[in-house]
Every structure is written in C-alpha cells, then in structure tokens.
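*Asks:* Keeping their order, the protein sequence lines are chains P and F. Going by this note's numbering, the letters in the first sequence line up with residues 8 to 262, in that order. Going by this note's numbering, the letters in the second sequence line up with residues 151 to 554, in that order.
Each hint should be verified, as a subset may be incorrect.
[Stated by the list, open to error] With a Cα cut of at most 25 Å, we get these calculated SDA-like pairs of lysine to any residue:
1) F:Lys156 <-> P:Asp227
2) F:Lys453 <-> F:Leu486
3) F:Lys453 <-> P:Ser188
4) P:Lys86 <-> F:Arg540
5) F:Lys314 <-> F:Leu245
6) F:Lys453 <-> P:Asp78
7) F:Lys453 <-> P:Gly70
If you're looking for bench data, these hints aren't it; they were derived computationally from the structure.
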Amino acid sequence: MDNNIIEVEDVYKTYGDEVETEVLHGVSFSLLENDFAAIIGPSGSGKSTLLNLIAALDKPTRGKVFISGEDITQLDENKLADLRNEKLGFVFQFHHLLPEFTALENVLMPVWISQGKPTREDEEWAEKLIDTVGMTPWKDNLSTKLSGGQKQRIAIARSLMNKPGVILADEPTGNLDTDTSEQVFKLLRNINQEFGTVFVIVTHDRHLAGRTDKIIEIVDGNIVRTLSGSKTDEFEVWDEMAPGYCVEHKKKVEV
Amino acid sequence: MWFEIKMAFRFLISGRTQTLLILAGITIGVAVQVFLGSLISGLQADLIQQTIGSSSHITLRSERELPRQISETYSPGSRVITFADRQEGLKNYDLIRRELENYSELTAISPTITGNGFAIRGGKSESIVFRGIDFSEADKIYNISDRITRGEATVGGNDILMGKNLAEELNLAPGDTIQLRTADDVQDRFRVSGLFDLGSQDLNESWIFLARSRAASLFNLRNEVSNIEVQIEDVFAAEPLSEQLRQEFPEIEIESWQQTNADLLTALESQSTSSLVIQFFVIVAVTLGIASVLAVSVVQKNKQIGIIKAIGARPKRVGRIFLLQGGIIGAIGAVLGILSGLGLSQLFVTLVRDAAGDPLFPIEADPRFLAISFIIATIAGMLAALVPARNSARLNTVEVIQNG
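Okay, chain P solo, but in the shape it has when bound (with noise of 0.2 Å):
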C-alpha cells in the first residue's frame, strides 16, 4: 500500500448534463513502483476515460484516485497542472509536439512552464534524452519535419524532461507501421528498466500488452482481469492475450 504510486479507488466518472452517460462504474487497481503495466480494451470500453482521470486532466464523477500518495481529485486546476508539470509525462496517440518549436525546445518544453528559461544542466538533459530515443541529428528540426515515429520519440523524450515517476501513454504505437512500433516499445520498456518509472500504456493492441508485467483490462466500464507476473506457458500468454469474453467461453466448453 505504501509503495502504490498509481490507486484508484472505486472511481466513477459520468458524462452529459442532460442525458447522464456513466462511462466508469465503480474501478480500482493500484500499481506499484517500477510497474510497466497496460490498459487493454475495445473502443469505448473507458480506458481513455480512465487515463484521463490518473492524468489528472480529468476529474472523477465519484471515488479517489492517488499519485504518489497524494489524492488528486481534491487539488485545484492550478495545482494539477503543477503536478501534471512534475510528477506526470505523457505520450500522446497523436503525438502532439508544438509545430512552431525544434525537436529541442519541445522535449525542453516542461522546463520552460516548469521554471523558465533553462540552465546549462536542463539543456544536457534534454540531450542526453534525445540521444537515449536516438534522435540527435534531428534535434534542430521543427517538428514538422520529423517522420510519425520521430515525433513520438521525441514525445517520450518531453515526456522524461521533468523526471516524472509516472509516464501515461495513450496508444503510443497507434499511429505507427509495425517496425516503428516495435522500437518505441522497447524504449519504453528500456526507460521503465533504466530510470524506474511507473508506465501506464493504453492500448487495443493485445500483443503488445501481452509484453507488459500488468494487465489492466477493462470492458464496458468494468475491470473484468487483472494479470500480473510472469508467463511461462504459450498457451497461458494467448489465454491472456484473448479477450476476456473468449476465456469465459473456453471455460464453459471445457466445463
């Protein structure tokens, strides 16, 4: 309980004023140090909704969601941007860099909100972060001028700026071909082994959850599996890559 650095705590979120849509009904899990966990599930399932609320963009309808031990849905706006800014990285589907900065000034961005001008050591810092994501001769580009897998390298790249123990990343390999898709998660799995920070990817891609130490999957609102530690057994790795419906099925023909 002490080590949790991600609980969500029976959390419900509903949408619309006139016609109420409860999107969450009721979720909690909680992760811990160095965890590199997933949230799988179909379109509309509420994994965004949910990444939403430990991102601290978003607020819950009902129910408690702590970072770090610090109960986020009593903060003001002011005060989760903060702990957006210092305690949270994130990686976007979509990439998100600024268009108008070099592949340097957006991986120097959280600094720049964070404190201002950077120091010499900030600077290093961010290159030795674009260095990591491999990304050196391209820092003085303007983001425009990066490829889709360039730009989400230098995401994550913004993403570590501040240090963060907590990177939510939204779909990070959505938008790109296999290959690419293949170095970007092995950096983060990299990032989460060198530096120990807490990974949240969200995705709908089963095989790369399947890569993941945990399992969050979530269907209509409700957190139908929790899976955790390693798999030995092919069969027992598909098991777990099978949507959770398709393990129901198994069971009641095996039964």
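Guided by the hints, dock chain F onto chain P, whose structure is given.
*Replies:* Only chain F this time, still in chain P's reference frame:
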C-alpha cells in the same frame, strides 16, 4: 513570464500572414491617429500663435473709471455737461512692475500708455491708436524690430513707428512728418521713422508706437500708465497666473488672453473634441480588427494550447500568452504607426504649401501625445486579446488531446 513571452513571440512569428495583417491594421490606425492629432495641434498652435503670439497675454489696468467731460452746453437756466467714462491710469506702475519681476515665468513686462486720436495729412484724417511704450520692453511682446517693413525701428523724441496700412492710406514713407491729434485736441508733429506689419489688418491700420514719455506729455499723464502688458512663457498658464495676480493685486483689473479670446478657445476646444472622437473610433475599429484575428488564431492554436495545458501550464498562463501577443503586436504596430504618422505629417508639410511656397502651418509632434498613442495602442492590443485569451484558458484539454 519567460515561457509566456517565448510562446507569444513564436506564435506571432509562425502565424506570419495573420501577424502582418494585424500589424498593418494597427500601423494604419495609429498613423491616422498621430497624423490627425499632430495636424490639429499644429493648426491650433499656429492659430494661437497668430492670435496672441504678438500681443499681451495678461493685461493689468486700473479698476476705477474716471468721468471725462465730452461737451458742455448752455441754455437759459441750465447747463448740460456730457461725460464719458475713461479708464483711470495705473499710478504706482513702477511698484507693480517691480512686484511682477519676481515672477520668473514672465518674459516681458511693458507699461503702456494708450489713447485714441487722429492722424492728419492734407485733407485726410485717419483715426489712430497711440501706443506709448518703452521700445525694448514692448519689442519683447510685439517683436517690432523683426516686423519693420520699411525704415528703422527707432522710437524716441519725435520718432514714431506706424502701421504699414495706415501709412499707405496717408501716403507716408519713412522720414515724412505727420500731424497727430489726441481726442482731447492736443496735437503735435512727429517724424515717421519706420513702418511695421504686426500681421493684423486692424493694428496695421491704426497703431502708432511712440515713446512713453512723449505719450505721457501728450495725454497729460504724470507717473501713470494706461496698463501694463505682460507676456509669459507658457501661454496656457496665463489664466492660472492671472488668478494668482488677482490675489496679490486685488485693486487692479487683470485680464488674461483667454478671457479676451473666449470665442477662439471655444472653437479650438470643439475642434479638439471632434478630433478626439475620430481618433477614438479609429482605435476602436483597430481593436475590433485585432480581436477578430486573434480569436481565429486561438482556434487555430487549439491543439498547441491543449498540449501545453496537458504538460502543466496553468490556464492563466495560457491566457497570458495571448494577452502578450496582443500587447506585443500593439506595441510594435504603435511604433510603426507613429513613424508612419510622422512621415505622413512631414509629407503634408512638404507637399501642401500656400501661394508663397511656405508650409501652411508647422505640424507639431508632441512627444507626450506620441507616448499616449503608444500606450493606448498597446492597451488596445491587450484588450483585443482579452476574449481570445479567456477562451484559450477555458479550452477543454481532454477534447483537444483525444481528437488529435
């Protein structure tokens, strides 16, 4: 603030076309404002200069009036004497002058004896105004030495100066002698040493400058003058200074040029007001222009706003980026506008000339007016950015992030 400034500048630079459009709008607006303002204030300064540049700014005269006998008729059993009021002279004028010399803002103090009379030559008789002066003092007010058209500027003994139109009427040239008579029928012969042009038909047709001592004997005044004329550095300080003098010399009537020229001042004031109204609406139009372009730019920058908010920029700071854009562009536009406005004024002065090829009037660019234009344009830019800035601060981050 570093972050906001950096973002504002980069957004402005990247949105080149829009930025140039807004900049052009502000530049034109401010240029019109500066040109119009300078034109009007130049015109007014010129009018005031023409009206009072060479005349008394404050005139001190005695409050009391003396009856003067005009005619006396006898009939059986009665005698009718007709009187007219005549201003009594200032007796202790030397004392007053010494008091006045303590006011450093006074540039000229000229005790003057004035009176009416006639100039007679051949069969012609023209009504004239005697101005008994001390030349060096009166010269500071009327600039007589610069305005001599013929002859020399000497006043003293029997030497007098005469308005050029009056001389024309009487067919006089410098060196000629002329018979002058006061209203009290005292007369003497004088020598015209020079002719002057004070720039006013009225004065040129009637005025005669002669030595004060000579005028005193002509009008039979001992140790007194008709009035004391005063000029000051800042013409608009005349009224407050008059008020001050009224406190000090309660027994003296003190009149400022503003009282004498109330009509002119009313006209100038309404001119200034209409000029201000025009300037105001120009700025309003410019502000609306900036506001609409910035509103569009906020919509275009939705994605960027969403990203920086997601990675931790507080809503207020995002709003500030757009406020700054308005301010920066307002300030740059103001500088360009002021420069083009001054250029336009210069062009006007160069191109629009009177028949003699001289500028109609000098155009004044008051630095204070320019500074105010600059500040107004900058504030207008920020005001214009207010609504777009608020919209940007309120932008829903989640929607922007998820919809790519």
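*Asks:* Looking back at the numbered hints, which does the structure fail to meet, lowest number first?
*Replies:* 1, 2, 5, 6 and 7
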